[in-house]
Amino acid sequence: MSTSVPSDEAFVRQIAPVVTKTLANEFADLPGQAAAAILRQTLATCLIIRRKATKQRLNPSLFARRVTREQVLSWLAADGSPAQQTSAMSRIMAENREAVARYLAQFRFRTTDVADEVLNDSFAAFFTNLADRKPVEALLSTCLISIARFKALHQLRQERTDPVEQTNWLETTFLTVDEADMGTMTWPLTTADDEPISIDLPVTTTDGRSGTIQIEVSRFRTWLADCFSRLGAARQLLFRLRYKYWSEQELKTMSMDEVQAVFDDLDMTEIAARAGYTNAHTASVRLNESRSRLRDCLTEKMKNAAL
Amino acid sequence: MITDQNKWAIIDAYLAGQLDESGRQAVRQKMTDDADFRADVLMQSALNQQFDREQTSKDYDLVDRLISEGLTTPVSSGPGRSRPVRPWWQQTWLRAVATLLLVAGLGWLGFRYLSGPDTLSTQIPYAQRGFGVDGTPAPDKLTTFPVTFSTDGPASGEYSSDPDGLHLHLTELPASEARWQLRDDPQQGGFLLTDPQGRTYRLDRDTYGGRKPLVPIK
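Chains as they are written, first to last, in this note's numbering: chain A, 1 to 307; chain D, 1 to 218.
Okay, chain D solo, but in the shape it has when bound (with noise of 0.2 Å):
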């Protein structure tokens, strides 16, 4: 029986897949038969969710430092004998990493000519505003933000934006899109975003389908 001193316990395991079939027939009857407590397995489902988006940030985050670090460092297999490790200049991974940017690169310029704008679809740093028990302010949240890059835009550049993320119009693509960066505007409510030169844009969080020029907060 369902009670109010077990009912976390078991839904924690009925979301995590971890209950027997008369389990789970238990808590789909509860939930028919107990608003509250169907609002209570929605909130813990709805928590999880966020908790494992977190994560997955997280896991994206950790790739791209890897790859803006260049992914040379060797890795140390613990205690014990270690494996001889050859000069950097000699590693196959970077020949192979020199000749697929070689022959990638005159792929894509061969691709600029013949098609029309380049886009890229990433995610960038966001840094959400964070706010205390109380509704003062508290550590931002650190977590990623849909942006893409494409190069149908004028030198100095244009941007558009909706509830599923940020439209970047350049004349080129960035080499480095992790390092454009986003957090909340705590004045006007919208987005402050600095490129890799540190240079900071405030952007309106929706541009309702219409372009905007990027210009840099003096």
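So here's chain A without its partners, still in its complex pose (with noise of 0.2 Å):
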């Protein structure tokens, strides 16, 4: 017998009776702006995990209850009465503190009382999170656990001289979540919420002065967004794809021969085929001449900036 995968439209429809019976029957005392407000929160974030987590073994009521209930928390954190908010936050702590030391337990911090404050950090910058209005889009635990994991290697790179350590910040990880009732996934640990104020990067003024210049990853941000919308469409779609191939592709480690052996040759033909490029070379050849336009787009920038 053959499953498929239901689309992402048929996977909300599928939840969305859960969500608001688990909304109706449990959280019936919420204002009704916020259960709305809940109900869009909840069935987004269900969807974004589907997406963006790998080897899903999950029970989708089960889930999506889960998921409710983690927002209902959330939304009581930052927006319920000072009474709700202390005691959603303490509920939030006693359900995660236990798997967030767990996670910092692989860190060797200098001394157990600075492992403790990055745990207590890690809460802190959730909680600040929460009332700043960010949503929250993943499991509660994935979250917390990805701030903490961005404040230990913080900590580790204040605690290191080794120049290299200070660039692991970029690397994805994966965390496993196991559990009884809900199922299995793989969630990455990127650093999309979690990176650096600022980073340092090369550039050469106007006047052939070469150096470093310190920006901030904000700023870096836009002005790439904004080189990125200068590419033509078909340009853009070639980076998409190519990050589209790479995000999801079945997640095991290869060496960097293999990288270059297995991957580069064979996701290039499936996106130029894609992208209506006759060949595999042609779609290469336009993404590196894309890739050195947005470089030197960025580039520019950087000039303007160190003026």
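Calculated from the structure, these hints are not laboratory results.
Hints are all accurate, no fakes.
The following label-pair restraints were derived from C-beta to C-beta distances:
#1 A:Arg110 with D:Gln187: 53 to 59 Å
#2 A:Arg51 with D:Pro163: 23 to 29 Å
#3 A:Ala233 with D:Ser68: 24 to 30 Å
Glycine residues also receive a C-beta, built at the ideal position from the N, C-alpha and C atoms.
Using the hints, put the two standalone chains together into the complex.
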């Protein structure tokens, strides 16, 4: 018997009754506008988790109920009455503290006090995000562990002098969630929400002086978005397809030789076909040209900023 | 060894978490030694995040559309035997929603009398102005923009804005916030906001902490 993966729309339709029922039965005293906002956020979060997590073996109903409850807790922690806020934050800490502490145990900090500090800072940062109305777009445990990972790497960067260690905040690592009722999945811990405030980039000024410029990540992102928007639609599509290809690959680790041998030609053949190019070589050439254009555009912006 | 020929495949694999430990070490070392390579990795990382945000925005769009349609259309389970579909007025979930709306509506009325202004933080559709390769106009990029509605405004409405989002001060929260739309104002550089009734307002991008009246464009 073959099973097919439902479309995004079918998936939302499948879980929506569970979400509305959970809200009606378990959280009937929520304000009406809150219930509507939580319904929307819960459905979107389920969809995002479904898209990003790999190796999923989830019971859809129990998964939807779990996300609904967590979204209600998040709402109460940010927008509930003072008593509700205190209660919700305590519950979030009680339910997740052990998992975050267990994750942090893999990092070797100078002292156990530092480990505790990182743990507490992680929860504080999460609650600040909630207060700032930053949407929770994952399971609470994975959100908290993602923050904890960045806090831990930041702490280790401060403790160590090895510059090579200072770049690993860019790497994606994976977290396996395995819960008896809900099921299992593997969640990518990325740097999307937790990157350093600023980065150092090389720049050569108009008068020929070389050096580095420190740029806020948010500013760098704005520059890049602007430069990217100047590329033609077909070239933008090449980048998007390449990202999609890599983000949908079955998770495995490879050596650099394997990456080069197995993937580069293969993914470009597929991407070229989907983007309407005659062959992988042409698509590769266009992609590399586009990368150069992006770099030139960024370099120009950095030069101007360095003046 | 990382060369100009293989670097993008390796960067992609590195950022996707698919390189082994020795490969990751090589990338870290190269990023430390070679500032241009570091810039390449940062550029690709930022692009990946942009694509992920775009996809997330599409997820919200789908949910908004389905909610606005009432989520009532039964789903076909594909070819073959299909499950009988109960009429919409007998759907259990509809009863649940009706109960939820009734109970929550009563709760909300009580809440309004006992608390300060209500707020609703959401994302509304945003058509971001696009540019072609040579700076010429290109199709708008459809994304979303964070907006907070609150019930502490005058009858005509006020707004405040900053780089983090838009705050609309009204007398009551909108029933269908998804039908508010935002786009870039090509003439004055700010925003053009359209409400569900089709009225358009010209807004500053940053009111620097102050509030300004919502005045429809004639």
